[in-house]
Amino acid sequence: MHPSTLLTLLQDVQSGTTSVEKAFAKLGTFPSELVSGACLDHQRLIRTGIPEVIYGASKTAEQIATIANAMLQQGGPVLATRVDAEKAGKVITKLPQFRYVNDARMLIANPAPTETSRYRGQTLVISAGTSDIPVAEEARLTLQSLGHPVQKLYDAGVAGLHRLLGRQDILRQATVIIVVAGMEGALPSVVGGLVGCPVIAVPTSVGYGASFGGIAALLGMLNSCAPGVAVVNIDNGFGAACMAEAINRIVCP
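My numbering numbers the first residue of the sequence shown as 1 and each following residue consecutively.
Treat the hints with care, since some could be wrong.
[Stated by the list, open to error] Below are the SDA-like pairs computed for lysine to any residue, each with C-alpha atoms no more than 20 Å apart in a straight line: (1) K152 with N102; (2) K94 with D84; (3) K59 with K90; (4) K90 with A57; (5) K152 with Q173; (6) K94 with Q122; (7) K90 with T66; (8) K22 with S36; (9) K59 with E86; (10) K152 with Q11; (11) K59 with I46; (12) K94 with G75; (13) K59 with S36; (14) K90 with A112; (15) K152 with C197; (16) K90 with Q122; (17) K59 with G49; (18) K59 with N69; (19) K59 with G89; (20) K90 with V53; (21) K90 with G37; (22) K94 with S36; (23) K94 with E62.
Since the hints were derived computationally from the structure, they do not count as laboratory data. All values reported here derive from a predicted model rather than from experimental measurement.
Please build the complete structure, drawing on both the sequences and the hints.
If you want it as structure tokens, here you go:
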């Protein structure tokens with residue numbers, strides 16, 4: 001449930017435009033709701049500032065649609081991550097409110113409008129290479145859907161360092177930077193040496209055999225010599241976005 005939905009309901013009860021009985025019925029699925037195969041945490045957005053998000057990789061289209069439909073009734077943004085195009089098409093047939101972003105493999109409905117007053121500044125999402133863009137887009141679209149101001153700078157890896165150094169203006173505008181990189185994972189260290197804001201490093205599974213599916217990038221980022229660099233899990237653009245949201249948020253849930 002979006003905080004504004006609950007606040008409006010309480011104000012309507014106070015003003016007498018909604019009866020206590022109707023409000024009680026409205027809150028019948030709060031804080032949690034049982035649906036087929038899932039227990040939904042409708043209170044999470046109010047409690048943490050970040051709504052429950054559907055992880056779609058191991059769910060069927062029917063399961064995603066059932067969960068998403070229940071979440072839509074509560075207001076606020078609804079996101080499903082790691083959804084392939086075939087499953088997404090089936091979900092949209094049932095729930096046309098959703099749009100599908102193929103690069104990020106995300107279904108999105110009811111995105112929040114950007115609210116700059118809630119944040120210390122904007123998050124910048126950087127991808128080292130074009131192959132890292134799907135993970136970077138997962139991070140960017142998660143932030144955008146939550147109403148978080150966000151910019152992007154893609155294909156700016158260390159193989160052509162001038163691409164990054166030529167955009168130091170955009171680096172300095174950010175209050176948090178998410179850096180998404182595969183291969184050897186060097187880009188977060190470079191960025192961390194150029195800026196004074198927190199840097200969230202996201203290793204990707206992009207790379208040849210000795211990258212070991214992103215482990216080489218993960219270890220490189222964990223061993224960064226630049227201060228102020230924190231690391232999330234391999235390919236976890238969503239997790240990086242949630243961390244950036246928590247860092248930048250002024251207004252607590």
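Verification of the hints:
Restraint check: the Cα-Cα separation between K152 and N102 comes to about 17 Å, which is no more than 20 Å; the hinted pair holds. Note on K94 and D84: the hinted pairing holds, with a Cα-Cα distance of about 16 Å set against a maximum of 20 Å. A hinted pair counts as satisfied when its Cα atoms are at most 20 Å apart, and K59 with K90 qualifies at roughly 13 Å. Straight-line distance between C-alpha atoms of K90 and A57 comes to about 14 Å, which keeps the hinted pair within the 20 Å bound.
For the hint pairing K152 with Q173, the CA-to-CA distance comes to about 12 Å; that is within 20 Å, so the pair holds. Our distance criterion of 20 Å between C-alpha atoms is broken by K94 and Q122, whose separation comes to about 35 Å. Restraint check for K90 and T66: satisfied, since their Cα atoms lie roughly 12 Å apart, inside the 20 Å limit. About 25 Å separates the Cα atoms of K22 and S36, which puts this hinted pair outside 20 Å; it is violated.
Between the alpha carbons of K59 and E86 the distance comes to roughly 12 Å, so the proposed pair stays at or under 20 Å and holds. For the proposed pair K152 and Q11, the alpha carbon gap of about 39 Å is over 20 Å, so the pair is violated. Distance hint between K59 and I46 is unfulfilled; the C-alpha atoms sit about 26 Å from each other, more than 20 Å. Note on K94 and G75: the hinted pairing holds, with a Cα-Cα distance of about 18 Å set against a maximum of 20 Å.
A hinted pair counts as satisfied when its Cα atoms are at most 20 Å apart, and K59 with S36 qualifies at roughly 12 Å. Annotation: proposed proximity of K90 to A112 is violated, straight-line Cα distance about 24 Å (limit 20 Å). For a cut-off of 20 Å, the pair hint linking K152 to C197 stands: about 16 Å separates their Cα positions. Among the hinted pairs, K90 with Q122 is inconsistent with the structure: their alpha-carbon atoms are about 35 Å apart, more than 20 Å.
In summary, the hint linking K59 to G49 is not supported, as the alpha carbons are separated by about 25 Å, beyond the 20 Å threshold. Taken as a hint, the K59 and N69 pair is honoured in the structure, with Cα atoms around 15 Å apart against an allowance of 20 Å. Between K59 and G89, the direct Cα distance comes to roughly 14 Å. Compliance with the 20 Å bound is thereby established for this hinted pair. Distance restraint check for K90 and V53: the Cα-Cα separation of roughly 19 Å lies within the 20 Å cut-off, and the hinted pair is therefore satisfied.
Proposed proximity of K90 and G37 is supported: the alpha carbons are some 19 Å apart, at most 20 Å. Distance check on the hinted pair: K94 and S36 sit about 16 Å apart at the alpha-carbon level, within 20 Å; holds. The straight-line distance between the Cα atoms of K94 and E62 is roughly 9 Å, inside the 20 Å bound, and the hint therefore holds.
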